[in-house]
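Asker: Sequence:
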Amino acid sequence: MTHHWTRRQALQSALGGAAALAAGPLWAAGSTLNILCHRVHQTSLTTGPAGDLTAPWRNSANAECVWTSFDTNPLQDRLFREASLEKTDFGVGFVVNSRATPAAASLLAPLDAFQAKAPIEDFADIAPGLVSAMRFGGKLAAVPFRHATQALFYNEALLEERGIKAPPTSLEELVDQAKQLSFRSAAGTPVVGMVLASDLAVFPVTFARAFGGDFIGADLALLPDPDAMEKALTTLQDMFKAGALPRSYATTTNDDQVTWLQQGRAAFSVLPFARHTQLNRANQSKYPGRIKAIEFPQSQALKGKSSMASVTEFWAMGIPANAQDKELAWSFIRAMSTKANTVGAARNGNGPVRVSTYNDATFAKDQPFAAIEAKALANARVPLPAFPEAARAQTVFLEEVQLTVIGQKTPKAAVAAIAERVKPLLKA
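Using this note's numbering, read the sequence shown as starting at 1 and increasing by one per residue.
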């Protein structure tokens with residue numbers, strides 16, 4: 001049996017005088033595993049074509065699951081507040097990579113001893129870039145569960161209209177095609193080559209990685225290759241000047257990217273692979289079935305020398321260090337991380353963190369870009385590691401990128417400013 005507490009129910013219970021809720025859910029620990037999650041985590045493990053994946057574990061462990069769900073930020077706040085108490089009744093908490101700072105990780109139980117005693121099946125199959133982002137001081141703090149990795153989406157019909165027979169195989173070819181695809185289509189629609197949101201670091205980081213660079217490396221190295229970042233900003237500025245990015249770039253949002261692709265107002269964009277279904281939905285898109293995805297291409301100079309480190313965001317399962325039954329919690333994490341349950345959760349709508357899942361016929365048959373996504377996932381990394389001043393660092397970074405793209409600053413000056421302004425934030 002499973003139970004689910006929504007945020008409203010939790011608040012109503014608190015207002016009704018359930019003092020026990022301050023320390024944990026209504027149900028006591030013991031044969032109960034209390035789980036702090038986002039609703040998508042519960043749904044992907046309990047509802048959908050693959051059914052309730054927790055049932056076999058609940059039967060074998062003689063335990064029940066109590067799910068308490070919140071939206072992302074309230075969930076993280078509640079998790080770390082609970083983990084800061086003397087003890088908590090929550091056994092498992094889902095943590096998002098952007099909040100997994102060393103300080104936050106110190107509130108979670110190191111999992112290496114559990115992994116050594118009762119290992120997760122084929123742990124090496126879980127994408128290494130996700131696992132490494134959950135290691136602090138060499139210790140594993142959480143097990144990846146759900147990811148969203150970025151792809152380059154393109155409108156096949158618009159490419160064909162301009163006589164382009166295949167999507168780009170290099171960054172340079174992408175830029176060239178984006179310029180060709182800034183035109184008025186046969187349907188009379190003004191088309192821009194590429195649409196990108198200006199308020200997300202994902203996009204300039206993606207371009208920097210295409211040149212072999214980065215904003216902040218996994219080891220907190222700021223601008224590990226300044227020349228690569230300068231090339232990335234030069235490329236984006238050139239695309240804007242050529243009309244291959246929207247004139248409204250400075251105010252373009254993530255939702256605009258989806259809408260513009262669906263309406264045929266843009267030929268290219270960068271979005272998670274999971275957006276494929278939405279982009280091609282017949283009741284929303286003017287080009288159902290014609291919007292396709294590839295891995296974001298590297299610069300021609302790097303082809304064959306290195307792999308593209310696609311940008312990914314992800315959730316992981318951790319155990320609060322003050323949890324009362326860590327063995328039960330690990331048993332759950334271990335069971336939900338098997339190959340079979342990863343496939344099942346994927347069929348229920350989860351973004352599978354195992355590379356092998358994309359080769360499973362029961363999942364891949366409904367995923368036209370499974371092989372492409374698997375390749376991207378294998379080398380994917382988070383946009384930047386979590387650290388206390390990460391949000392401010394991203395804001396500074398985006399300010400400099402926006403000024404550069406619209407031509408108010410040179411790429412070289414912007415890179416120098418990023419280095420100068422972000423460096424103190426890394427030390428804070």
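Simulated from the structure, these hints should not be mistaken for laboratory data. Among the clues, some could well be false.
EDC-like mimics (lysine to aspartate or glutamate), calculated; alpha carbons at most 20 Å apart, straight line [said to hold, decoys possible]: (1) Lys409 - Glu399; (2) Lys326 - Glu173; (3) Lys292 - Glu160; (4) Lys365 - Glu313; (5) Lys303 - Glu399; (6) Lys87 - Asp71; (7) Lys292 - Glu399.
Just the calculated beta-carbon pair ranges, DEER-fashion [what the hints assert, rightly or not]: (8) Ser306 - Lys412: 33 to 39 Å; (9) Asp122 - Gly243: 35 to 41 Å; (10) Thr362 - Pro128: 21 to 27 Å; (11) Gln278 - Gly304: 32 to 38 Å; (12) Glu156 - Ser307: 52 to 58 Å; (13) Glu156 - Leu426: 40 to 46 Å; (14) Pro128 - Ala361: 37 to 43 Å; (15) Ala55 - Pro424: 25 to 31 Å; (16) Asn59 - Glu399: 50 to 56 Å; (17) Asp112 - Thr259: 25 to 31 Å; (18) Ala55 - Glu327: 17 to 23 Å; (19) Glu327 - Ala242: 56 to 62 Å.
Small disclaimer: the values here were computed from a predicted structure and weren't measured. Quick reminder that beta carbons are idealized off the backbone N, C-alpha and C, glycines included.
Asker: Does each hint hold? Answer for all of them.
Answerer: Evaluated hints:
no.	hint	result
1	Lys409 - Glu399	11 Å, holds
2	Lys326 - Glu173	52 Å, violated
3	Lys292 - Glu160	13 Å, holds
4	Lys365 - Glu313	24 Å, violated
5	Lys303 - Glu399	31 Å, violated
6	Lys87 - Asp71	23 Å, violated
7	Lys292 - Glu399	31 Å, violated
8	Ser306 - Lys412: 33 to 39 Å	24 Å, violated
9	Asp122 - Gly243: 35 to 41 Å	49 Å, violated
10	Thr362 - Pro128: 21 to 27 Å	25 Å, holds
11	Gln278 - Gly304: 32 to 38 Å	34 Å, holds
12	Glu156 - Ser307: 52 to 58 Å	25 Å, violated
13	Glu156 - Leu426: 40 to 46 Å	42 Å, holds
14	Pro128 - Ala361: 37 to 43 Å	25 Å, violated
15	Ala55 - Pro424: 25 to 31 Å	52 Å, violated
16	Asn59 - Glu399: 50 to 56 Å	54 Å, holds
17	Asp112 - Thr259: 25 to 31 Å	45 Å, violated
18	Ala55 - Glu327: 17 to 23 Å	20 Å, holds
19	Glu327 - Ala242: 56 to 62 Å	60 Å, holds
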